[in-house]
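Spelled out, the chains give:
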Amino acid sequence: GQQVMQIPQYQHVQEGEDFTTYCNSSTTLSNIQWYKQRPGGHPVFLIQLVKSGEVKKQKRLTFQFGEAKKNSSLHITATQTTDVGTYSCRSTSGTYKYIFGTGTRLKVLA
Amino acid sequence: EAQVTQNPRYLITVTGKKLTVTCSQNMNHEYMSWYRQDPGLGLRQIYYSMNVEVTDKGDVPEGYKVSRKEKRNFPLILESPSPNQTSLYFCASSTGTAGNTEAFFGQGTRLTVV
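Chains as they are written, first to last, in our numbering: chain A, 1 to 110; chain B, 1001 to 1114.
Among these hints, one or two may not hold up.
The calculated lysine-lysine pairs, modelled on DSBU-like cross-linking and capped at a C-alpha distance of 35 angstroms, are [stated by the list, open to error]:
1. B/Lys1018 x A/Lys56
2. B/Lys1018 x A/Lys51
3. A/Lys97 x A/Lys59
4. A/Lys36 x B/Lys1065
5. B/Lys1069 x A/Lys97
6. B/Lys1057 x A/Lys97
7. A/Lys70 x B/Lys1017
8. A/Lys36 x B/Lys1057
9. A/Lys36 x B/Lys1071
10. B/Lys1018 x A/Lys36
11. A/Lys97 x A/Lys107
12. B/Lys1018 x A/Lys57
13. A/Lys36 x A/Lys57
Covered stretches of chain A, going by a simulated chain B footprint (3 or more residues, C-beta under 8 angstroms) [to be verified]:
14. 57-64
15. 94-107
With beta-carbon atoms standing in for the labels, derived distance ranges [claimed, not checked]:
16. B/Ser1080 x A/Glu67: 34 to 40 angstroms
17. B/Lys1017 x A/Lys56: 28 to 34 angstroms
18. A/Val13 x B/Leu1011: 17 to 23 angstroms
Everything labelled a hint here was simulated from the structure, so no lab data went into it. Every residue, glycine too, gets a C-beta built ideally from N, C-alpha and C.
Kindly generate the complete structure, drawing on both the sequences and the hints.
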């Protein structure tokens, strides 16, 4: 079945450093969504990308969708302690099914 | 306030004792689904429902049942829980079924089966 690989699994950064997580699929994705889950919390929607090569920004967060629509990335510039949590990508697998990446757990050291 | 409500938040049970985790949303969403989250594996879809009386299997449906008798409710049933079903469970809902709408998640239910 379709799989979405996400790397890295864990990332520890010093506050102020940049952070990037990547999602890669062996098949073309119709769209991709990104979610953030704070420790002890539930996933919260961040953004959706639909178009090939699409780039969207939210303050210090930059989201990209690859030209072939098989990969996506989330980049955080100058991380802050409020950025801690698990970042996961999600895409459709078939018409009504969804598949998540394995998630990247970010820890920011003050 | 728009929300997805799961109950209970925490549950410890014994192997084989049937249990139900409830999920309710107040946003009139058509699509609802259940996920389990395990370390290193991320969120995996258990079951989903496109609308009332319409449900289908996700990637890890074994050992679970669901029903969708009303639009707002989507309970997850474990008929005979086993220790490998110890996990963090999330219910989610979204407005459409086209795969391009954001999902709203409940607070999660941490289940331990001993």
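Quick rundown of the hints versus the structure:
1. With a CA separation close to 46 angstroms, the supplied pair B/Lys1018 and A/Lys56 exceeds the 35 angstroms bound.
2. At roughly 45 angstroms between alpha-carbon atoms, B/Lys1018 and A/Lys51 are farther apart than 35 angstroms, so this suggested pair is violated.
3. For the proposed pair A/Lys97 and A/Lys59, the alpha carbon gap of about 31 angstroms is at most 35 angstroms, so the pair holds.
4. Of the supplied pair hints, the one linking A/Lys36 and B/Lys1065 holds, its CA atoms being roughly 28 angstroms apart against a limit of 35 angstroms.
5. Simply put, B/Lys1069 and A/Lys97 have alpha-carbon atoms about 20 angstroms apart, close enough for the 35 angstroms limit, and the pair holds.
6. Taken as a hint, the B/Lys1057 and A/Lys97 pair is honoured in the structure, with Cα atoms around 9 angstroms apart against an allowance of 35 angstroms.
7. Pair hint A/Lys70 plus B/Lys1017 does not hold up; C-alpha atoms about 43 angstroms apart against a cutoff of 35 angstroms.
8. Restraint check for A/Lys36 and B/Lys1057: satisfied, since their Cα atoms lie roughly 25 angstroms apart, inside the 35 angstroms limit.
9. Simply put, A/Lys36 and B/Lys1071 have alpha-carbon atoms about 27 angstroms apart, close enough for the 35 angstroms limit, and the pair holds.
10. Between the alpha carbons of B/Lys1018 and A/Lys36 the distance comes to roughly 32 angstroms, so the proposed pair stays at or under 35 angstroms and holds.
11. Between A/Lys97 and A/Lys107 the alpha-carbon distance is near 30 angstroms, which keeps this suggested pair within the 35 angstroms criterion.
12. Annotation: proposed proximity of B/Lys1018 to A/Lys57 is violated, straight-line Cα distance about 46 angstroms (limit 35 angstroms).
13. At roughly 15 angstroms between alpha-carbon atoms, A/Lys36 and A/Lys57 fall within 35 angstroms of each other, so this suggested pair holds.
14. Here the segment 57-64 of chain A counts 0 residues with a CB under 8 angstroms from a CB of chain B, which misses the bar of 3, and the coverage is violated.
15. Proximity of the segment 94-107 of chain A to chain B, defined as three or more residues with a beta carbon under 8 angstroms from a beta carbon of that chain, is established by the 9 residues found.
16. Range check, B/Ser1080 to A/Glu67: Cβ separation about 48 angstroms, and the 34 to 40 angstroms hint is violated.
17. Restraint check, B/Lys1017 to A/Lys56: a C-beta distance of roughly 47 angstroms breaks the suggested window 28 to 34 angstroms.
18. The given range of 17 to 23 angstroms is broken by A/Val13 and B/Leu1011, whose C-beta atoms sit roughly 35 angstroms from each other.
Hint check: violations occur at hints 1, 2, 7, 12, 14, 16, 17, 18; the rest are consistent with the structure.
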